[in-house]
Amino acid sequence: MSAFRAAVVTFPGSNCDRDMAVALEQIGGGTVDRVWHAETSLPPRLDLIALPGGFSYGDYLRSGAMAARSPVMRAVAAEAARGVPVLGVCNGFQVLTEAGLLPGALMRNAGIRFVCREVALTVENNQSLFTAGYEAGQCIRIPVAHHDGNYFADTATLDRLEGEGRIAFRYAEEVNGSARRIAGVLSASGTILGMMPHPERAIEPAQGSSDGRALFAAAANALLTA
Amino acid sequence: MKVRVYVSLKPGVLDPQGRAIHHAIEGLGFSGVKAVRAGRLFELDVEESVDDAALDGMARQLLANMVIESYRIERVAA
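Going down the list, the protein sequences come from chains A and B. Note that the working numbering numbers the first sequence so that position 163 is 163, with each residue one more than the last. Note that the working numbering numbers the second sequence so that position 23 is 23, with each residue one more than the last.
These aren't lab readings, by the way, just hints derived from the structure by calculation. Predicted model, so just to flag it, every value in this text is computed and none were measured. The beta carbon of each residue, even a glycine, is placed where N, CA and C say it ideally should be. One should not assume that every hint holds.
[Unchecked claim] Restraint-style ranges between C-beta atoms, simulated for each label pair: (1) Phe114/A <-> Leu62/B: 24 to 30 Å; (2) Pro11/B <-> Arg74/A: 29 to 35 Å; (3) Ser2/A <-> Asp56/B: 45 to 51 Å; (4) Gly57/B <-> Phe114/A: 29 to 35 Å; (5) Gly32/B <-> Gly83/A: 52 to 58 Å; (6) Asp52/B <-> Ser210/A: 52 to 58 Å; (7) Ser70/B <-> Thr225/A: 42 to 48 Å; (8) Thr155/A <-> Leu62/B: 24 to 30 Å; (9) Gly83/A <-> Val36/B: 44 to 50 Å; (10) Met1/B <-> Thr225/A: 56 to 62 Å; (11) Val13/B <-> Gly58/A: 19 to 25 Å; (12) Gly12/B <-> Arg69/A: 25 to 31 Å.
[Said to hold, decoys possible] In silico contact screen, one side only, chain A against chain B (beta carbon under 8 Å); selected entries: (13) Met107; (14) Arg108; (15) Ile112; (16) Phe152.
Sequences and hints are given; from them, build the entire structure.
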């Protein structure tokens with residue numbers, strides 16, 4: 001079995017890019033290239049693109065807004081359109097919504113405060129390549145660390161996401177005011193996942209939870225058997 | 001030429017910052033404020049040749065997030 005090839009995009013201000021690369025390498029057994037935001041192309045034959053957490057461009061304008069317009073994102077959008085899976089975590093999720101690759105927007109937490117703690121999530125959809133390692137309805141614990149995680153979309157969009165099974169994860173507790181407690185959203189194709197919680201920070205018992213491992217393991221399994 | 005682009009949250013979109021500012025205003029002892037909505041103002045210094053369509057494009061593609069925000073463009077005499 002050969003390794004899958006992944007790219008982790010690093011923007012100025014990204015700070016979870018290394019953790020993401022480690023999770024992809026150690027759990028998924030992938031070969032990971034780190035790609036700087038100013039690149040206009042991505043490595044060839046990628047199986048997965050990851051947009052990591054952090055504070056790209058200092059969260060100037062809106063979280064993820066500047067990163068979504070950076071040169072590398074044109075290449076990311078082109079690969080995503082070809083069906084290459086994309087995982088955006090935290091700031092990566094914000095970048096995906098700002099880039100229009102996922103619907104909705106991530107607004108300031110309803111309680112104004114930065115929330116940094118482990119939270120309980122419910123797995124809503126376990127049919128995607130990212131979530132197939134979980135049981136539907138399973139409760140998992142993954143940390144969040146964000147100021148702008150309050151998911152917003154208009155009612156019609158929310159209804160469509162629910163109807164199409166595109167809500168991957170929901171908070172099992174009140175965290176940030178997100179509409180319908182949405183914590184993670186899938187694209188219509190099911191190949192793009194954006195989520196505020198950090199699965200890459202929950203891969204070892206020493207981190208308090210290993211519940212994020214199944215996400216990387218499932219993705220690796222799907223990519224290698226595809 | 002100076003151009004001002006006002007970006008504000010669409011009606012109905014919850015504005016936690018505006019609400020916190022509202023509370024702070026009340027905390028200072030000012031009464032009679034019914035609601036506060038926070039927004040952004042961008043001042044652009046542009047050449048005369050920059051037309052409305054281009055300004056519109058800048059607002060739509062970057063300055064405002066059209067999912068949650070709306071914008072208003074105002075040309076200001078230099």
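Hint check:
A C-beta distance of roughly 25 Å is found between Phe114/A and Leu62/B, which places it inside the suggested range of 24 to 30 Å. The supplied range of 29 to 35 Å is met by Pro11/B and Arg74/A, whose beta-carbon atoms lie about 33 Å from each other. In this structure the supplied range 45 to 51 Å holds for Ser2/A paired with Asp56/B, their Cβ-Cβ distance being about 49 Å. In this structure the supplied range 29 to 35 Å holds for Gly57/B paired with Phe114/A, their Cβ-Cβ distance being about 33 Å.
A hinted range of 52 to 58 Å holds for the C-beta pair Gly32/B and Gly83/A, which are about 57 Å apart. With their beta carbons about 55 Å apart, Asp52/B and Ser210/A fall inside the hinted range of 52 to 58 Å. Under the hint 42 to 48 Å, the C-beta atoms of Ser70/B and Thr225/A, about 46 Å apart, fit the expected range. One distance hint, 24 to 30 Å for the beta-carbon pair Thr155/A and Leu62/B, holds here, with the actual separation near 26 Å.
A hinted range of 44 to 50 Å holds for the C-beta pair Gly83/A and Val36/B, which are about 45 Å apart. Between Met1/B and Thr225/A the Cβ separation comes to about 59 Å, which falls inside the hinted range of 56 to 62 Å. Judged by the Cβ atoms, the range 19 to 25 Å given for Val13/B and Gly58/A holds: they are separated by roughly 24 Å. Look at Gly12/B against Arg69/A: about 27 Å separates their beta carbons, and that is inside 25 to 31 Å.
Taking 8 Å as the C-beta contact cut-off toward chain B, the hint placing Met107/A at the interface holds, the least distance being around 6 Å. Interface restraint check: Arg108/A against chain B, minimum CB-CB distance 5 Å, threshold 8 Å, status holds. With a cut of 8 Å, the hint placing Ile112/A at the interface with chain B holds, because the nearest CB-to-CB distance is about 5 Å. Hint status for Phe152/A: holds, given a least beta-carbon distance of 6 Å to chain B, under 8 Å.
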